[in-house]
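Participant: Below are the chains, spelled out letter by letter.
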Amino acid sequence: MSDARWADVESDIVAVALHFGNAMELYSRGGFNIENHLERYARAYALMHAMQSGHTSAEAAMRRILDILREDRPTGEDWHKALIARLAKPLTGEHARPALLPHEVATDLYETLGFRHRAMHSYGDFDVSRTTPAIEAAARLKDSSAAAVASFRAAVDPPGPRQSSGP
Amino acid sequence: MSAVVTVSERKARETERLRKAAASIVAELTGYAAAHHGRYLVFGSVATGAIRPDSDFDVVVDFPEDAERAAIAEVETVCAKYGVPADVHSIGTSGPSFLKRISGHWRELK
Chain A
1 MSDARWADVE SDIVAVALHF GNAMELYSRG GFNIENHLER YARAYALMHA
51 MQSGHTSAEA AMRRILDILR EDRPTGEDWH KALIARLAKP LTGEHARPAL
101 LPHEVATDLY ETLGFRHRAM HSYGDFDVSR TTPAIEAAAR LKDSSAAAVA
151 SFRAAVDPPG PRQSSGP
Chain B
168 MSAVVTVSER KARETERLRK AAASIVAELT GYAAAHHGRY LVFGSVATGA
218 IRPDSDFDVV VDFPEDAERA AIAEVETVCA KYGVPADVHS IGTSGPSFLK
268 RISGHWRELK
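Order-wise, the sequence lines are chains A and B. Everything in the first sequence is counted per the working numbering, starting at 1 for the first residue and increasing by one. Everything in the second sequence is counted per the working numbering, starting at 168 for the first residue and increasing by one.
Treat the hints loosely; a few may be bogus.
Cross-link-like lysine-lysine pairs, in silico, DSS-like; alpha carbons within 30 Å at most [as the list claims (entries may be wrong)]:
no., chain 1, residue 1, chain 2, residue 2
1, B, Lys178, A, Lys81
2, A, Lys89, A, Lys142
3, B, Lys178, A, Lys89
4, A, Lys81, A, Lys142
5, B, Lys267, B, Lys187
Some residues of chain B that are not near chain A, with every Cβ distance over 10 Å (derived) [claimed, not checked]:
no., residue
6, Thr173
7, Gly198
8, Gly250
Since the hints were made in silico from the structure, they are not lab data. Idealized CB from N, CA, C, for every residue including glycine.
Working from the sequences, and respecting the hints, build out all of it.
Facilitator: In structure tokens, the structure reads:
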């Protein structure tokens with residue numbers, strides 16, 4: 001039996017797919033320029049919230065994985081960016097492990113992180129026309145995040161006699 | 168060393184570190200208890216030897232009233248020195264059901 005906390009990671013990854021998948025649907029549905037103010041507001045903020053929730057779920061998975069590995073979480077004002085950077089790099093020596101995030105997955109996460117930052121600080125000036133790169137990144141992350149975690153788990157917590165059961 | 172240090176290996180390494188740290192803490196607290204006429208009652212995974220990577224140092228402090236605060240501080244200081252979380256209880260404020268539950272499973276340091 002491997003570390004039980006992988007179940008929590010899997011739940012986070014399911015949430016990533018849910019929120020980014022819904023963001024794609026909300027983006028496709030459009031209606032961000034319709035006349036009705038409240039409906040326009042609801043559609044824009046639903047999209048923003050889905051995108052933010054998707055990235056936050058991805059962050060939760062990454063933080064849990066650091067806990068499983070017994071690696072300290074990044075600290076400081078830029079920890080959100082540092083978290084991606086840390087897990088995009090392989091480590092050697094006493095903490096040797098492969099990178100969790102392939103280059104293209106890390107690039108997409110930087111994009112959704114940037115979206116979240118812009119959405120949180122837009123103060124009502126959300127411009128949906130500038131969201132396309134983040135939506136495209138989210139569409140890829142919907143599947144690539146699960147694949148990255150599965151591959152990483154197989155490398156660091158493989159089944160068999162080397163498995164671990166406790167926290 | 169292999170190219171990947173697995174989760175199991177990381178846990179084993181942390182467990183071993185905690186085992187050595189706990190032994191050092193026990194030695195230091197035994198000396199302190201003897202010098203200050205009190206005793207520490209270590210319970211939980213350190214007392215039973217079932218140390219896990221997330222183990223902390225569970226202890227009940229049983230010292231004369233005027234020495235208790237310093238005895239608690241000593242546990243916190245020594246545990247911090249060895250990087251082990253401490254869970255410290257005072258015998259005077261511990262309920263009878265709690266003491267009954269751990270009695271027979273503790274290791275007395277004095």
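Participant: Evaluate each hint against the coordinates.
Facilitator: These are the hints, each one checked on the structure:
no.	hint	verdict
1	Lys178(B) with Lys81(A)	28 Å, holds
2	Lys89(A) with Lys142(A)	21 Å, holds
3	Lys178(B) with Lys89(A)	22 Å, holds
4	Lys81(A) with Lys142(A)	20 Å, holds
5	Lys267(B) with Lys187(B)	29 Å, holds
6	Thr173	5 Å, violated
7	Gly198	31 Å, holds
8	Gly250	12 Å, holds
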